[in-house]
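Work the whole structure out from these sequences, hints included.
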Amino acid sequence: MAPSAPCTRAAAALRMKQIALDNQGRTIRRLRAQLATERRGLSTTKKELEDTQVALEASHKVIAGLTEIGLSMSKKIEKMKVKKQQVKANHVECHQKF
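Quick note: the sequence shown uses my numbering, first residue 1, plus one each step.
Warning: the hint list may mix true and false statements.
Label pairs and their in silico Cβ distance ranges [claimed, not checked]: (1) Ile-69 x Ser-43: 34 to 44 Å; (2) Gly-25 x Ala-58: 47 to 57 Å; (3) Lys-61 x Arg-29: 42 to 52 Å; (4) Lys-46 x Gly-70: 29 to 39 Å.
Hints were generated in silico from the structure; no laboratory data involved.
Values in this document were obtained by computation on a predicted structure and should not be read as measured data.
Glycine included, C-beta positions come from ideal geometry on N, C-alpha and C.
Written out as structure tokens, the structure reads:
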């Protein structure tokens, strides 16, 4: 019984080491899977951010264009008001002559 005890202890120690290695292997696989999932999530988030930035730039261009159109229209309206006042003044002046 005594000679077989060291073999049994050695075998038990080997089994324990194998179990520990198996557990570490599982942990590594699980962590790699989590890392891959996180990378996919970050990739998706990055793509969404890029799309949002493109849309934001486009909306800024549209706003700038609309502002420019609005300013142009305001100038035209002011010119039309001045012209209308001139026509009205000329009309009144014409009536005063007669």
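Going through the hints against the structure:
1. A C-beta distance of roughly 39 Å is found between Ile-69 and Ser-43, which places it inside the suggested range of 34 to 44 Å.
2. One distance hint, 47 to 57 Å for the beta-carbon pair Gly-25 and Ala-58, holds here, with the actual separation near 50 Å.
3. In this structure, Lys-61 and Arg-29 meet the distance hint of 42 to 52 Å, their C-beta atoms being roughly 48 Å apart.
4. Lys-46 and Gly-70 have their C-beta atoms about 36 Å apart, which keeps the hinted 29 to 39 Å range intact.
Checked against the numbered hints above, the structure violates none of them.
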